[in-house]
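> Here's the letter readout for the chains.
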Amino acid sequence: MHRLFYDTIKGGDFRAREGNVHRLAQVSLNIIDQMVAQGVPFAREYGGLLDTRSFGGSQLQRTFYARGQTGQQLLLGAYQQLARQIGLGTVKLWNRVELVDVVTVDGHCAGIVTRDLVTGEVRSHAAHATVMCTGGYGNAFFLSTNAMNCNVTAAWRAHRKGAYFANPCYTQIHPTCIPQADDTQSKLTLMSESLRNDGRVWVPVNAGDERPAAQIPEAERDYYLERLYPSFGNLAPRDISSRAAKRAVDSGRGVGPLKNGVNLDFADAIGRLGQDVVKERYGNLFDMYERITGENPYDEPMRIYPASHYTMGGLWVDYELMTTVPGLYAAGEANFSDHGANRLGASALMQGLADGYFVLPYTIGNYLAPMLNKPIPGTDHPEFQAAEQAARQRFQGFLDIRGTRSPDYFHRELGKIIWDYCGMERTEQGLQKALSELPALYDEFKKDLRVTGDGAGVNQTLEKAGRVEDFFELGMLMCRDALERNESCGGHFRAEYQDEEGEAQRDDEHFAHVAAWEFTGDPMHAVRHKEELEFETIHLAKRSYK
Amino acid sequence: MSHHLENLTLKIWRQNGQADAGHFESYRIDSISDEASFLEMLDVLNEKLIGEGLEAISFDHDCREGICGTCSLMIDGQAHGPQRGTATCQLHMRKFKSNDTIVIEPWRATAFPILKDLMVDRAPLDRIVEAGGFITAATGGAPDANIIPIPKPVADAAMDAAECIGCGACVAACPNGAANLFTGRKGEPPQPAAAGPGRTLEPRRGDGGDDGRVLRFVHQPRRVRGSLPEEHQPRLHRLDAQGLPPGQGEEPQADQPDLARDPRSSPINRCGAAPRSMRSDWLLQRRDAAE
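Chains A and B supply the protein sequences, listed in that same order.
Just so we're aligned: 475 in my numbering is position 372 of the first sequence, and the numbers increase by one with no gaps anywhere.
Just so we're aligned: 164 in my numbering is position 157 of the second sequence, and the numbers increase by one with no gaps anywhere.
Bear in mind the hints are in silico, worked out from the structure with no lab data behind them.
Treat each hint with caution, since some may be false.
Said to hold, decoys possible - To be clear about the criterion: a stretch of chain A counts as covered by chain B if any three or more of its residues have a C-beta under 8 Å from a C-beta of chain B, and this derived list gives those stretches: (1) 166 to 172; (2) 183 to 189.
Claimed, not checked - Listed below are the simulated DSS-like cross-link pairs for lysine-lysine, each with C-alpha atoms no more than 30 Å apart in a straight line: (3) A:K645 / A:K633; (4) A:K633 / A:K264; (5) A:K362 / B:K102; (6) B:K102 / A:K382; (7) A:K550 / B:K55; (8) A:K549 / B:K55; (9) A:K362 / A:K519; (10) A:K382 / B:K159; (11) A:K519 / B:K55; (12) A:K362 / B:K104.
All figures in this text were calculated on a predicted structure; none of them were measured in a lab.
By construction, the Cβ of each residue, glycine as well, lies at the ideal position given by its N, Cα and C atoms.
Okay, chain A solo, but in the shape it has when bound (with noise of 0.2 Å):
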């Protein structure tokens, strides 16, 4: 358990609250038992316990897995139990909802309001309390891992009523996915870290080396992950890893027909282990590869590249999970509190499972106590009228700007600007830029606009411009974290701070806090506020991993 308390510190790059961290790692212990009491089919080995596998950024083989789908089969797992819920009546459950506002009345959080997707129908629900799961803003980037509906609406909704957004800037860049392979691309696919417990990264030695992977001798080719960071290798963790590719690329050496990927070789797995190992492991990846790109990875190597996976920032929460708006809670990815700047494989699902069964359930009665009897604000009040008639009038008005350019293509060219100044490497002057460009992208947005159909039934166009819009301020309030954050740290890389070894510097006496902002009517003026990290039992040292 310290193990991974350390490890999952350091993972973070320190910039993680050691409490919430060390909390995690307790509760860890449980959460396996639990998933497994509930059904979830974990592998086993012939003796019939838990079978464990190692995971990017461990040197231990810890990891309990369900083939390559563990997040899948633990999801599946959960819903289910969820379903049991439902069925037994203690949870309604509101399909095809999306939250478009929160509401406070006297500071606190009263409720939420709603639209219906099929009806478009604007609805108000009151609560003594509100919890959000509601994942993280990677698609921000409008090409990333993330599903295509996840979207930042409903924290950034929350963020406008008050809660504090922590860290925007941390945005995981995951090593394992498939390269773009063309302009209409609508997102990447991620590979499973795990491949890369038997494939080995490499790419040519010589800049533009156009000969196929197999014609290239080993003298000449460059396995950068085992030659930079011998003691993990090709297990470096998810910031290193994509940042070494990042520069493989940049540096002309990219394979595939863009030249925008690494390999990832399975050829000698397939030598020592053999061909039925290999596709036991990984043989559902394997297919799902061929299928999206139509080459064989049994043949050749994988072809892939980093891509937006995962964002440690998130709403700011305290040790009880509540944000800055009294009774409103965020858990999972959509909080910000337990990876730091950088986050460890299979982690978002240890968070997630902890935030849900073992934290919330224990910190939210002490919210809830001194309500006992207690009467709460309903749907009729004004507030709740109030942001109704808002969310209305603003959905309204996208049908009504009558421009000439859909969301997409908005996202599209956001995503873009976000990638290329606050992706993987950022820098002072690329930050400025975007800041300089977003606003005036989102002014042409709000003018230029074209949303067909109408409001009242299914209208997908619609609920896209709602998260487009959302997207937007958070993508200058990514840039403005990005740009006050003048370190290296995990997943936020500033070129102007490394070594000469091209490691990230971190500025232990000026950064060692959580920057969570405050909305003031607008994401370019939004007030940072600072958490300062206190470490008391792992001390601050030099994440390396040669």
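Based on the hints, put chain B in the right spot on chain A.
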């Protein structure tokens, strides 16, 4: 390097909500990269439609990695299209060629009412799970997961059953529109039929009999018909005096599916999808040519 497909004709089902009768509309689309996924091809079409001031085609999609089970299209009469074991979002345009005509429909099933265009309501699958697709024990303080060793073959079988992504293709493909494959994954223990770790391996009662959950599953989808007000029932199922849906009495156009003969509209056979033998000839020819 990628190639481009030209002159694709898409025949797409458009239906503005459950009250609308719906119809096929043809679109022509050019220069689609063969690296594009099928859904990205629809994205391109939608951008084009919005550019022309027309309403985009609604379709469900989310992860686009073949794992979430949200995408749902009948492509040339096959659930998820021609590639075996592949969800629509993982189907790529390299499986098609220039000048192809592609017919795109929503899931065909009585239990899945059409919300709009290609988007259907699959809440009945949720209700099946709510009826018993879970471990029934309250797991409050769970014991150590290694206290009960599970033999690897049993664990693997459980994993096989658990891989179902719940997309509903089995319902759409079944001539009877039945969710047997889905309920099988969620309710019946795989071999050996013993208590195991999988969520599908719920131990049977001591008398060796079923605990009734499968029967509860089976009764779920039927509720959907009653749950919708009559005016929102899909029009395809409302029949006139001759047993034909309104407006379908006349000769169907030669290149369109014969909706009147679609068994969905038969008062006796309320199947979800047309069995192969009853599908329009044009569709069969097209598919045979592709094979």
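> Taking the numbered hints from earlier one at a time, note which ones the structure violates and give those numbers from smallest to largest.
none
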